[in-house]
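2 protein chains.
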Amino acid sequence: MNILIVGVGLIGGSFTLSLKKEKSLRFGGFDKNQAAMLKAEELGIIDEVFDSIDDAINWSDVIILAIPVKGIKMILPTILDQLNPNQLIVDFGSTKKSICDAVTGHRNRSQFIAAHPIAGTEHSGPEAALSGLFKGKNLILCDTEKSDAELLRSFEDLAVKAGFYLTKMSASEHDRHLAYISHLSHVTSYVLSQTVLDKEKNGEVILDLAGSGFESTVRLAKSSPSMWSTIFIENKEMVLKGIEAYKEELGKLENMIKSESESDIFDYLEEGRRIRKILK
Amino acid sequence: MNILIVGVGLIGGSFTLSLKKEKSLRFGGFDKNQAAMLKAEELGIIDEVFDSIDDAINWSDVIILAIPVKGIKMILPTILDQLNPNQLIVDFGSTKKSICDAVTGHRNRSQFIAAHPIAGTEHSGPEAALSGLFKGKNLILCDTEKSDAELLRSFEDLAVKAGFYLTKMSASEHDRHLAYISHLSHVTSYVLSQTVLDKEKNGEVILDLAGSGFESTVRLAKSSPSMWSTIFIENKEMVLKGIEAYKEELGKLENMIKSESESDIFDYLEEGRRIRKILK
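Protein sequences appear in the order of chains A and B. This note's numbering puts the first sequence at residues 1 to 280. This note's numbering puts the second sequence at residues 1 to 280.
One chain only, chain A, in its complex shape:
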């Protein structure tokens, strides 16, 4: 089986590395960034490098789009147009609704699967790819009733072999949950980083005074700006709702601090601390 990775970075690269033990699979790569693609080949992430997207598609049984959402929306309909009936295309984009909307009613819609791997690090590029990145991690499959049952089953097999467990939900549900659980974390990290950098011009001071707590809280601000600027816009409506809810909560705590109501603050923090029962 020939698997084409479009976008051989952290996610695409980790997907092939996770499946390297499967001897029946061959991995091809296509990437606008020529250097990244050659690096991926050098690192053994892909077996074949393609210069033309058309050649790449002709060669493949399964096409994985592991690029930012905007790029996916741009090329997905065109690639779907030219598939033969046995080919499958899967996207690994971080938002799902606008992508699914872009191919609603497409005559080859059933050959497409919308997926989102809940895994990653703050690093990017093929050098950041890890063979164990998806072990025990969740792969969300969206609107699966619109995908061909057989193609879906064969892709599910592949995903499980890569280490994932699978969850299914609608694209809208996905985007709503992710806005709160993932996108909002990125917003707050970037904003915290910006606030501190603005007030503390001296990096030395930050380094000296930052406990591991600060480091952990701003870790996501190291993420890829091109990826996240797209996500914030693609999931604009839900992200803005998340920011609104966050601002309201921040205002509550702010008022408690203003009025020095220690027991209210204590209760508020105790409430927030329930998260430790959920995250191990």
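Simulated from the structure, these hints should not be mistaken for lab results. Watch out, some of these pointers could steer you wrong.
For chains that are exact copies, the list does not tell them apart, and a pair is met inside one copy or across any two.
Each computed DMTMM-like pair below joins lysine to aspartate or glutamate, with the alpha-carbon atoms no more than 25 Å apart [as the list claims (entries may be wrong)]: (1) Lys241 / Glu22; (2) Lys32 / Asp267; (3) Lys252 / Glu237; (4) Lys161 / Glu270; (5) Lys222 / Glu262; (6) Lys20 / Asp267; (7) Lys137 / Asp208; (8) Lys199 / Glu173; (9) Lys20 / Glu127; (10) Lys73 / Glu237; (11) Lys23 / Asp101; (12) Lys39 / Asp157; (13) Lys20 / Glu145; (14) Lys21 / Asp47; (15) Lys146 / Glu173; (16) Lys247 / Glu156; (17) Lys137 / Asp157; (18) Lys32 / Asp198; (19) Lys146 / Glu244; (20) Lys168 / Asp157; (21) Lys73 / Glu260; (22) Lys70 / Asp267.
With chain A's structure known, arrange chain B on it following the hints.
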């Protein structure tokens, strides 16, 4: 040398464990929480347990207050009253100005050192103490010109043996820097946790959808509510300034998302991402 730890939790306990190799030192413990103190003795964190604070003080050469700021402010002046000229008292509180203010002009002020170890985990209690917690970490000493030079030097020796490197600044400077670099991270983590818990009533969904990013960003929301409710109030003025600055930054990003100005968002995230050059 007899070292008394008042409050044998994460920080107090880690301090004695870091110095266990120094055979000339003996460690005593006093804690309102009898169970924690006995646990600390059982874990080998302290050699002697005291039931009376007066007995404990009479026994000691160096007294370390490793309790929340409010408690420190309450007992520090009284303990200073009863010290003989060779005894030293040090506090490890997380804010410094209100503590220093509480002993301004005290006749034994020179026998007090205001210190803040920039280290910790989200856990608390003697079970959480670690012998390596302070290795390569910063101990901030505040307003040191008000402490006796000889007592200061001998405490600095001890701190370096425990693994710390030392930084000196005024108590006000300390509180201003920490508001941005540490206290604000705690505010944003607790608020994020609260926002998500409020919108996602189903813990299972959070667990399934939370990548390591969310986990990292809300880690500090697992911290001790009693410690942090005190800190937020003790450093109220600076913490509120921090929240104000943060809200302003959040508003900027929110507006960029509203108007879908992708290149502005990109630039904003790229700016925030500079933090990666500072934190390794």
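If the cut is 25 Å between Cα atoms, do lysine 137 and aspartate 208 qualify within a copy, between copies, both or neither?
between (35 Å within a copy, 8 Å between copies)
Can you give me the call for lysine 20 and aspartate 267, within, between, both or neither, at a CA distance of at most 25 Å?
This pair counts as neither: shortest intra-copy Cα distance 50 Å, inter-copy 37 Å.
Up to 25 Å CA-CA - aspartate 157 versus lysine 39, copy category:
neither (28 Å within a copy, 50 Å between copies)
Intra/inter-copy verdict for lysine 199 and glutamate 173 if alpha-carbon distance must be at most 25 Å
between (38 Å within a copy, 13 Å between copies)
Between the shortest in-copy and the shortest cross-copy C-alpha distance, which are at most 25 Å for lysine 23 and aspartate 101: within, between, both, or neither?
neither (36 Å within a copy, 71 Å between copies)
At most 25 Å between alpha carbons: which applies to lysine 222 and glutamate 262, within, between, both or neither?
Between copies only: 18 Å across, 34 Å inside.
Since the copies are identical, ignore which copy is meant and state whether lysine 21 and aspartate 47 lie within 25 Å (CA to CA) inside a copy, between copies, both or neither.
within (13 Å within a copy, 55 Å between copies)
Cα distance capped at 25 Å. Does lysine 73 pair with glutamate 237 within a copy, between copies, both, or neither?
This pair counts as within: shortest intra-copy Cα distance 18 Å, inter-copy 48 Å.
Checking an output row: lysine 32 and aspartate 267, CA cutoff 25 Å. Within, between, both or neither?
This pair counts as between: shortest inter-copy Cα distance 22 Å, intra-copy 52 Å.
Using 25 Å as the alpha-carbon threshold, which applies to lysine 168 and aspartate 157: within, between, both, or neither?
within (15 Å within a copy, 59 Å between copies)
Classify it for me, lysine 146 with glutamate 244: is the Cα-Cα distance of at most 25 Å met within a copy, between copies, both or neither?
neither (33 Å within a copy, 47 Å between copies)
Within, between, both or neither, where lysine 146 and glutamate 173 count as close if Cα-Cα is 25 Å or less
For lysine 146 and glutamate 173, the Cα distance is within 25 Å only inside one copy (16 Å; across copies 60 Å).
The earlier numbered hints that this structure contradicts are 1, 4, 6, 11, 12, 13, 16, 18 and 19.
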